[in-house]
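J.: Below are the chains, spelled out letter by letter.
There are 4 protein chains.
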Amino acid sequence: MKVGFIGLGTMGKPMAANLIKAGFSLKVWNRSQAPVQDLVALGAEAAKGPGDFAEVDVLASMLSDDATVQSVVVDGGAQASLKAGAIHLNMATISLALAQSLAASHQQQGIGYVAAPVLGRVNVAEAGMLNILAAGQGEHLAKVAPLLDAMGQKTWHFGDQPAQANVVKLAANFCLASAIETMGEASALVQAHGGSGSGFIQMLTSTLFAAPAYQNYGAMIAEQRYQPAGFKLSLGLKDVRLALEAGEAGQVPMPFASTMKDNFLDAMAQGDGDLDWAALAKVAARRAGLG
Amino acid sequence: MKVGFIGLGTMGKPMAANLIKAGFSLKVWNRSQAPVQDLVALGAEAAKGPGDFAEVDVLASMLSDDATVQSVVVDGGAQASLKAGAIHLNMATISLALAQSLAASHQQQGIGYVAAPVLGRVNVAEAGMLNILAAGQGEHLAKVAPLLDAMGQKTWHFGDQPAQANVVKLAANFCLASAIETMGEASALVQAHGGSGSGFIQMLTSTLFAAPAYQNYGAMIAEQRYQPAGFKLSLGLKDVRLALEAGEAGQVPMPFASTMKDNFLDAMAQGDGDLDWAALAKVAARRAGLG
Amino acid sequence: MKVGFIGLGTMGKPMAANLIKAGFSLKVWNRSQAPVQDLVALGAEAAKGPGDFAEVDVLASMLSDDATVQSVVVDGGAQASLKAGAIHLNMATISLALAQSLAASHQQQGIGYVAAPVLGRVNVAEAGMLNILAAGQGEHLAKVAPLLDAMGQKTWHFGDQPAQANVVKLAANFCLASAIETMGEASALVQAHGGSGSGFIQMLTSTLFAAPAYQNYGAMIAEQRYQPAGFKLSLGLKDVRLALEAGEAGQVPMPFASTMKDNFLDAMAQGDGDLDWAALAKVAARRAGLG
Amino acid sequence: MKVGFIGLGTMGKPMAANLIKAGFSLKVWNRSQAPVQDLVALGAEAAKGPGDFAEVDVLASMLSDDATVQSVVVDGGAQASLKAGAIHLNMATISLALAQSLAASHQQQGIGYVAAPVLGRVNVAEAGMLNILAAGQGEHLAKVAPLLDAMGQKTWHFGDQPAQANVVKLAANFCLASAIETMGEASALVQAHGGSGSGFIQMLTSTLFAAPAYQNYGAMIAEQRYQPAGFKLSLGLKDVRLALEAGEAGQVPMPFASTMKDNFLDAMAQGDGDLDWAALAKVAARRAGLG
Chain A
1 MKVGFIGLGT
11 MGKPMAANLI
21 KAGFSLKVWN
31 RSQAPVQDLV
41 ALGAEAAKGP
51 GDFAEVDVLA
61 SMLSDDATVQ
71 SVVVDGGAQA
81 SLKAGAIHLN
91 MATISLALAQ
101 SLAASHQQQG
111 IGYVAAPVLG
121 RVNVAEAGML
131 NILAAGQGEH
141 LAKVAPLLDA
151 MGQKTWHFGD
161 QPAQANVVKL
171 AANFCLASAI
181 ETMGEASALV
191 QAHGGSGSGF
201 IQMLTSTLFA
211 APAYQNYGAM
221 IAEQRYQPAG
231 FKLSLGLKDV
241 RLALEAGEAG
251 QVPMPFASTM
261 KDNFLDAMAQ
271 GDGDLDWAAL
281 AKVAARRAGL
291 G
Chain B
1 MKVGFIGLGT
11 MGKPMAANLI
21 KAGFSLKVWN
31 RSQAPVQDLV
41 ALGAEAAKGP
51 GDFAEVDVLA
61 SMLSDDATVQ
71 SVVVDGGAQA
81 SLKAGAIHLN
91 MATISLALAQ
101 SLAASHQQQG
111 IGYVAAPVLG
121 RVNVAEAGML
131 NILAAGQGEH
141 LAKVAPLLDA
151 MGQKTWHFGD
161 QPAQANVVKL
171 AANFCLASAI
181 ETMGEASALV
191 QAHGGSGSGF
201 IQMLTSTLFA
211 APAYQNYGAM
221 IAEQRYQPAG
231 FKLSLGLKDV
241 RLALEAGEAG
251 QVPMPFASTM
261 KDNFLDAMAQ
271 GDGDLDWAAL
281 AKVAARRAGL
291 G
Chain C
1 MKVGFIGLGT
11 MGKPMAANLI
21 KAGFSLKVWN
31 RSQAPVQDLV
41 ALGAEAAKGP
51 GDFAEVDVLA
61 SMLSDDATVQ
71 SVVVDGGAQA
81 SLKAGAIHLN
91 MATISLALAQ
101 SLAASHQQQG
111 IGYVAAPVLG
121 RVNVAEAGML
131 NILAAGQGEH
141 LAKVAPLLDA
151 MGQKTWHFGD
161 QPAQANVVKL
171 AANFCLASAI
181 ETMGEASALV
191 QAHGGSGSGF
201 IQMLTSTLFA
211 APAYQNYGAM
221 IAEQRYQPAG
231 FKLSLGLKDV
241 RLALEAGEAG
251 QVPMPFASTM
261 KDNFLDAMAQ
271 GDGDLDWAAL
281 AKVAARRAGL
291 G
Chain D
1 MKVGFIGLGT
11 MGKPMAANLI
21 KAGFSLKVWN
31 RSQAPVQDLV
41 ALGAEAAKGP
51 GDFAEVDVLA
61 SMLSDDATVQ
71 SVVVDGGAQA
81 SLKAGAIHLN
91 MATISLALAQ
101 SLAASHQQQG
111 IGYVAAPVLG
121 RVNVAEAGML
131 NILAAGQGEH
141 LAKVAPLLDA
151 MGQKTWHFGD
161 QPAQANVVKL
171 AANFCLASAI
181 ETMGEASALV
191 QAHGGSGSGF
201 IQMLTSTLFA
211 APAYQNYGAM
221 IAEQRYQPAG
231 FKLSLGLKDV
241 RLALEAGEAG
251 QVPMPFASTM
261 KDNFLDAMAQ
271 GDGDLDWAAL
281 AKVAARRAGL
291 G
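Chains as they are written, first to last, in the numbering used here: chain A, 1 to 291; chain B, 1 to 291; chain C, 1 to 291; chain D, 1 to 291.
The following block holds chain A by itself, in its conformation from the complex (with noise of 0.2 Å):
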């Protein structure tokens, strides 16, 4: 099987290295060169330009967000490239909308689509240890499956629309900023009368709620130290604002997403919008008039 690869970024990159270690073929394009020459000294091949995929079987990508997914795979002509029956196995997370357009577009043009976004940060990545969040048609998954077992530790299927994967993927952002949000509130509760914010979440994070995401965003809010992000607050009110999008698409309210967006404009407009976005937190503690 030949295998493209689109978007060497801090997940693209390591992402695509599994691959060449698990045996693929790789032909890769990023719109800089830096990381395209790291995997053609693993063994890649690179592309003349992101519509230079002719001959892949499946073309994965891992762009930032739907300008980057829209300039570089349609307008930039990667999608446009591919041979009838090849697969785009889109890895970004994305847009309802934009993934439900891309659903329909790839259909049109008689090729795969399938949607695959990620659980996990940059470490996570290089281990190989993503937990990875997949839909498309039975066939279509079936083709992917050995790239995303190389890529993760395990895909989670959700349903044969593309854009389902997607909408779990916001699901899941949605429920860690509403884990951060949770944690701000609680801390600023327990500081306000007095007691250690930091002692809270470490009883917290050591029993009802040890798990991943409560430690990690838990431990950062405890020592208030938000920078250098892992994943900036601006990045983060762009994922609700996509949840919320999905919500109203599918006529659901979210009063807890609509909270948080207000929270980040906050702390956006407070200007900490480059700081990690467990910096959520800081908006609970600043408005109770602590810190």
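Mixed in with the good hints, there may be bad ones.
Since the list gives no way to pick out one identical chain from another, each pair is judged satisfied if it fits inside one copy or across any two copies.
Claimed, not checked - In silico SDA-like links for lysine to any residue, alpha-carbon gap of 25 Å or less: (1) 21 - 108; (2) 83 - 25; (3) 154 - 226; (4) 238 - 66; (5) 154 - 126; (6) 154 - 196.
The hints are simulated quantities; they were obtained by calculation from the structure and are not laboratory data.
Chains B, C and D: place on chain A using the hints.
T.: Leaving out everything else, chains B, C and D in the frame of chain A:
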């Protein structure tokens, strides 16, 4: 050390039993007599009334709410019966206002007061594996430590003002409610787009949110199994209200708690007050036109 | 008809004066003596204490809040001093719970009880132009009607349960707070895009929202003129809390009220509790990074 | 002055007719032909298409939403057909993003652009009594002033950036929605305690809230009369979303708007999208278990 124990409900009875097993000499009282007899059979002495604890060094109480604490401990004479130097170990989940009032009145009376609400349900209490959230003066905490060790797996200290432990307990219950609401909204989003709510929750609670709180309530939401109630929705409403009252006392805006109180009221108005509080998730589903 | 009047504050004093002007024989009591002397100069008799109203046919009271009503009317003996068949006309803004409790205790004592909170500030009270929100039994309402006519421009009837008038008063104050919050958010939106908040409010309150509530508070918001306080923000918080408590008693979700309580707490935490409650609009502005 | 007019719907047609009555020479276009013929009967000239406005000095347009403006003005060639120095007077309620984009593209083309959305419904438009919210460069505003005077009772100026008028229009519509939600929650509170919702609204809109917005929508809520729709709930959702988008662009948290969007979605999910947007009040009632 002579120990008294008041309140032998579903939680209090196994907690008292664990004290007996650990070798403490116990004198017990309960409004209804059946659990008293069960503990007498284990070796406890039956008190003649709530005011019959003049000889104990520590009086533990595990009563259901503010009104019961007021009627038994204050009006019923339990507190007044204690000798100088005795300690009242109050393990109930009560309001910040009552906690502060009790701390003051015990001090005035010249007796110790430790607040030690617990995390864990009946089976955890039976196993002596509770997490205990304690606050009070150091000497008082030291004196009750052997009792707490017999009832729990770990005692967490949250300050020298007893009410601080109550705030932490309310903050923890707020986090639990928030986890329920979060999964309710996220599931509704996934389902509105044709996905499987239970598949989503299965994934979520196996990965980033693999913690008891999410797994326990996630399973109930996924299966829409809200009876029998482990903890009634009407009690969940009460605890969120207590968290909001503590927030108001400390001038802490808690928009998640406010949102949930409205949703709990919605559930109550639809007649769901006797379901498990995980049925808060029904509100998100119904508002989205699902099920 | 012999009339008593308790509570000669900024509202009560002009209301009592209007009763004297209308020819009623008045006996008055107030915690501080200065306003008593002013009314004696107008022809009133001074009571010896809050319990010195045995001969009156109607006892009107205009006290500031639940605690004062409790301490003067209940604990202070005013209610107990009334003769069989007398009517207590309670014009204070109090909680639903206290209103219900007073209605029950008066009935038990064999005396009438009418709740008649008012709309209007001091200048309106002086002019005898209050709008009066009344509830109680028909015969009681009929008996106090001449008094209400002397104090207000119109009496609105809201049911035969006295507490219903209190609920209407809380609902009306909720609407006022909501108008403030609405203008605060809308002004922030306009200003954030370089527009004039005051120009916007000028237009708004000259057209679709040309009503006293919007014009009064709109002008304060436009000019950011929050001192001296006509009605303190801390009291606004209290009234919104009372509305929420009434909502909880009736199982009515009130998300606007919940949002405002959080915003009031935010304002309190920033030290704005003594400003006019129109300063709720500062919260929206500050959160948007304005001013 | 030669004037063009595009968009002869329920609002546009009487507005155009008022221009003719005021003596302006009018050339008109509409997607459907019936209103064109009506205006030709009044003396207007029929354009051959949306791109047939090369000779006009001012082209007024009153189209229903972003998509229609895009398809007629941009894609349909209306804007492109204008001669150098002409002015496009866009009176539609559109998004901030489209407003900014149109301002930029008109400037680039060397033609003027004035945004002038209106307040008022059909009968107000017919009477030439609209309130017009205008923004743009001073010379452009001066040139279109006679047209605006013929269509409205007053023109309010909101800055030299055309989009500022659109923000003001979105802010005003947000205030209307907020008035509906406020009355909905307050009525539910009163009714839940056995009071009369209509009696409450009658009092409210006769006193503190005696303004057109409250009286108009208050009557509909009191009578639960949501058909025929003067303005559909689905369009209300759209306008609140546009306000939120403008808020996000300006980093303005708008918790009331967020709450309303969720409530609008609730109403949509229950099938009430075609009712008048005053039916937002049904959500508060239903959530409280009323009606």
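J.: Which numbered hints turn out to be false for this structure?
T.: The structure conflicts with hints 1, 3, although it agrees with all the remaining ones.
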